[in-house]
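FYI, the numbering for the sequence shown is 830 to 971, going by my numbering.
Any given hint might turn out to be false.
[To be verified] Calculated pairs, SDA-like style, for lysine to any residue (alpha carbon to alpha carbon, straight line, at most 25 Å): (1) Lys930 - Pro942; (2) Lys930 - Cys962; (3) Lys930 - Met946; (4) Lys959 - Ala943; (5) Lys843 - Arg881; (6) Lys930 - Arg905; (7) Lys843 - Gly902; (8) Lys843 - Gln910; (9) Lys857 - Gln936; (10) Lys843 - Leu884; (11) Lys959 - Ala865.
[Unchecked claim] Have a look at the derived ranges for each label pair, beta carbon to beta carbon: (12) Leu934 - Glu878: 33 to 39 Å; (13) Glu866 - Glu963: 19 to 25 Å; (14) Cys965 - Tyr885: 27 to 33 Å; (15) Gly960 - Trp907: 20 to 26 Å; (16) Leu941 - Asp880: 16 to 22 Å; (17) Tyr885 - Val951: 21 to 27 Å; (18) Ser841 - Cys961: 16 to 22 Å.
Because the hints were derived from the structure by calculation, they are not lab data.
Positions of the beta carbon are idealized from the N, C-alpha and C atoms, including for glycine.
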Amino acid sequence: MNNAEQLITNASLKPTAARTAVLSVLLKAQAAISHAEILAQLASTHSHEFDRVTLYRVLEWLTEHALIHRVIGDDRAWKFQISSPQTTHHHAHLHCTQCGKTICLNQIQADLPAEIMTQYQVESVDIHIKGCCESCSASSRP
Numbered sequence: 830m831n832n833a834e835q836l837i838t839n840a841s842l843k844p845t846a847a848r849t850a851v852l853s854v855l856l857k858a859q860a861a862i863s864h865a866e867i868l869a870q871l872a873s874t875h876s877h878e879f880d881r882v883t884l885y886r887v888l889e890w891l892t893e894h895a896l897i898h899r900v901i902g903d904d905r906a907w908k909f910q911i912s913s914p915q916t917t918h919h920h921a922h923l924h925c926t927q928c929g930k931t932i933c934l935n936q937i938q939a940d941l942p943a944e945i946m947t948q949y950q951v952e953s954v955d956i957h958i959k960g961c962c963e964s965c966s967a968s969s970r971p
């Protein structure tokens, strides 16, 4: 059993070839990646042909079951990333203005006051930080 299949099984969910393949791509990604990037990687690594609709359904299923989370990119398109056990859906993301990567910043949490959580039906919180990622910052230093 591979890591992707194990993650799905550990969540008491049913692994399928499509779910496992998509989760495998996201496990290898160093940052959040778009639907198009996932589709391109699947095309180059899997003999099973994925169409856009199947991929959307799998991504939605993985998101609903908290195995992955999504963040909106500067281009207003969703990007997807593995959810780690210590990740909450209310954490910040850094968008690198040099290379375009979107990186989770789990150490920056959005702790919403209890009255907001009870007064409103909060579906998501997005905290976006723009700047240079660690590798771009390092390469621009003298």
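Pairwise hint evaluation, Ala943 against Lys959, where the allowed Cα distance is 25 Å at most: 28 Å, violated
Holds or violated: Lys930 to Arg905, with C-alpha atoms at most 25 Å apart: This hinted pair holds, its Cα atoms lying about 14 Å apart.
Status of the given 27 to 33 Å range, CB of Tyr885 versus CB of Cys965: 31 Å, holds
Beta-carbon spacing of Ser841 to Cys961 - inside the hinted bounds 16 to 22 Å or not: Taking Cβ atoms as reference, Ser841 and Cys961 lie about 40 Å apart, which means the hint is violated.
25 Å limit on alpha-carbon distance, applied to hinted pair Lys930 and Pro942: Given that 25 Å is the threshold and the Cα spacing comes to 30 Å, the pair is violated.
Proposed proximity, Cys962 with Lys930 (alpha carbon, max 25 Å): At roughly 8 Å apart (the allowed maximum being 25 Å), Cys962 and Lys930 satisfy the hint.
21 to 27 Å as the expected CB spacing between Val951 and Tyr885, which holds or is violated: Distance hint for Tyr885, Val951 holds at roughly 24 Å.
Hinted pair Lys857 and Gln936, Cα distance within 25 Å: The given pair, whose Cα atoms are some 21 Å apart, holds under the 25 Å limit.
Whether the CB-CB distance between Gly960 and Trp907 falls inside 20 to 26 Å: 21 Å, holds
CB-CB spacing for Asp880 and Leu941 relative to the 16 to 22 Å hint: For Asp880 against Leu941, whose Cβ atoms are near 38 Å apart, the range 16 to 22 Å is violated.
Holds or violated: Lys959 to Ala865, with C-alpha atoms at most 25 Å apart: 22 Å, holds
C-beta pair Glu866, Glu963: status relative to the range 19 to 25 Å that was hinted: Hint holds: Cβ distance 20 Å, inside 19 to 25 Å.
This entry does not satisfy hints 1, 3, 4, 7, 16, 18, going by the numbered hints stated previously.
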